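Chemist: Letter by letter, the chains look like this.
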Amino acid sequence: MKTTKRRFEFFTFYDHTGIARHLERMAQKGWLLQGIHGNLWSYRAISPAKLAFTVTYYPDASAFDPEPSEGELCFRDFCAHTGWQLAASAAQLQVFYNDRPDPIPIETDPDLEIETIRRYAGKTVLLPYSLLLFIGLVSTFFLISRLLGDPIGLLASSTNLFSGYIWCLELLLCATELGGYFRWRRRAKKAAARGEFLDTKGHNLLQRIILIAALVGFALWLLSVLLTETVFMKASVLVTFGSIALLAPLLWGILRLLKRWKVSKDFSRIIYIMATLVLAYCMVGVIFWIADSGYLPEQETYTYQGSELALYLDELPLTVEDLQPISADASDAYIRRRSASQSPLLARFDMAQRPRLDVEEDLPRLEYTITLVKVPALYDLCQDQLLKYWNETENIGVPEGWRTFYEPRDAAPWGALEAYQVVAEDTGPKERYLLCYADRFVEVYFDWTPTADQMAKVGQLLGQGQV
Amino acid sequence: MPREKFKTLTEQMFYILLCLKDECCGMDILDRVPAMTGGRVTVGSGTLYNLLEQFVEADMIRETRVEGRRRSYLLTPLGAQRLRQEFERLTAQAEDYRRIFGKEEPHENHETSL
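Here the protein sequences line up with chains A and B, keeping their order. In terms of my numbering, the first sequence opens at residue 1 and continues consecutively. In terms of my numbering, the second sequence opens at residue 1001 and continues consecutively.
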């Protein structure tokens, strides 16, 4: 028969009533709390019993204390005198149980209870939550700004989407925790003026939902990174999260060791912070080491004016050779670079074929960006942003007569639904086009004027199918 | 507006200070208050711990002896003065009550007024 049980418990930081009621139910089922390690709580088997629980706080305690202080032990002695036995404690949090019928409560003055919780919250919880709330607000502001200014940049990156999603969840959590606490405190003070205690109400279900939502988001993001990102990005993400997964138990182990060695609170805190920094530094070091080591596919290079430059030879869906005849030698003189940014909503592919810098021959160049719309509802939003780029963004601060704008063109030669060409007020049309297809937009730049056949080829190779 | 600290005493504060007319430790107080009041007033262990700390800070009591974790306290002149003030306040309240209702039982008076 199982004699111990471990559960992940999530409680609002001030919800002492909720914790006590939960522990009373657990005792009735035959499980008595025996240890608290963060959110992992352990229980030992007992005969099912009707026990009274009280959760209280000892504000002067710290997670770095090598052992309970004299004052804390004296407090526990007082509690034991009235039948309250310590079940478990974690820093300031103290959980007591009592098997006497109608025991004298540990707190009999509601004002003092509010003051004790205020001191506990002020020392450990309010500052980090407030900082996180501030960071969450700033991040959400930037997220909304970016959504309004550059929706494609935001929505076509699973990393941007994930970080925005996490900040929103974090903001929700901090707002409900802090808002709930101050609301409870205001109402508890009113009740205390009448000599009454006010039970706390936590947001435990919301905490669980937020955690599950964050884990699901993380899993989707990780999958997206592993499927679409570069080898270096994949390795960096795996090293980062692998390190964090190792870091947490390692730091916990260090803290346990410091307690066992009875290292003083202040010295323990310093060692803990230093260990965190050193381990984080090592993690970054490993990422750089991976980048420098031979574990990643080697990048081909060429030398130009004494500098070693990357020679990208990526596969492109449309090349200069597809549009006009190029000699084999000239074909080897190109850099073909492809970069992608994808999310479940949008994908953006930037592709370019440019002559190497060490080639003197004047070779044609080709650049294009494909924005793939995976969710049709975002089509108009994307089109607006792409048109706005040349019609507005590029003209900010540019005097009249020098501005650029998109002018509609016949889309038929491109096999597109709509086509636009960039026109400069001073120099006239540029060979830069925006082509709208059913599920994508193609922005293409030539350094020559394309023929009708070349336009058709662009539509055929870029306007449909896999990118 | 928050009241000035210890300007008036709650019932629990009053009885804790009363216990400390003679030297005693926290656990003695936990037993003495219910005994003194016939169980009408009880002080929780957490409440007592915090109040003893605050009374020491306010110089209303002083620590007299430490035996292991057992600390004994005694009322200071300031504490005695505050206790006396509270007694006078309560006495004045009781006098006012008597002046209005006389020596009749409160319940009977209430019924009479109805």
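Don't take every hint at face value.
[What the hints assert, rightly or not] Here are the simulated lysine-lysine pairs, BS3-like style, with alpha carbons at most 27 Å apart:
hint: 1; chain 1: A; residue 1: Lys234; chain 2: A; residue 2: Lys190
hint: 2; chain 1: A; residue 1: Lys123; chain 2: B; residue 2: Lys1021
hint: 3; chain 1: B; residue 1: Lys1021; chain 2: A; residue 2: Lys190
hint: 4; chain 1: B; residue 1: Lys1021; chain 2: A; residue 2: Lys189
hint: 5; chain 1: A; residue 1: Lys190; chain 2: B; residue 2: Lys1005
hint: 6; chain 1: A; residue 1: Lys50; chain 2: A; residue 2: Lys29
hint: 7; chain 1: A; residue 1: Lys29; chain 2: A; residue 2: Lys123
hint: 8; chain 1: B; residue 1: Lys1007; chain 2: B; residue 2: Lys1021
hint: 9; chain 1: A; residue 1: Lys201; chain 2: B; residue 2: Lys1007
It should be emphasised that the hints constitute simulated quantities derived from the structure, not laboratory data. Please read these numbers as outputs of a predicted model, since none were measured by experiment.
Chemist: The structure should be examined with respect to each hint, and the outcome stated for every one.
Modeler: Hint check results:
no., hint, in the structure
1, A:Lys234 to A:Lys190, "violated, 55 Å"
2, A:Lys123 to B:Lys1021, "violated, 35 Å"
3, B:Lys1021 to A:Lys190, "violated, 33 Å"
4, B:Lys1021 to A:Lys189, "violated, 32 Å"
5, A:Lys190 to B:Lys1005, "holds, 18 Å"
6, A:Lys50 to A:Lys29, "holds, 9 Å"
7, A:Lys29 to A:Lys123, "violated, 35 Å"
8, B:Lys1007 to B:Lys1021, "holds, 19 Å"
9, A:Lys201 to B:Lys1007, "violated, 33 Å"
The structure is inconsistent with the numbered hints 1, 2, 3, 4, 7, 9, although it conforms to all the rest.
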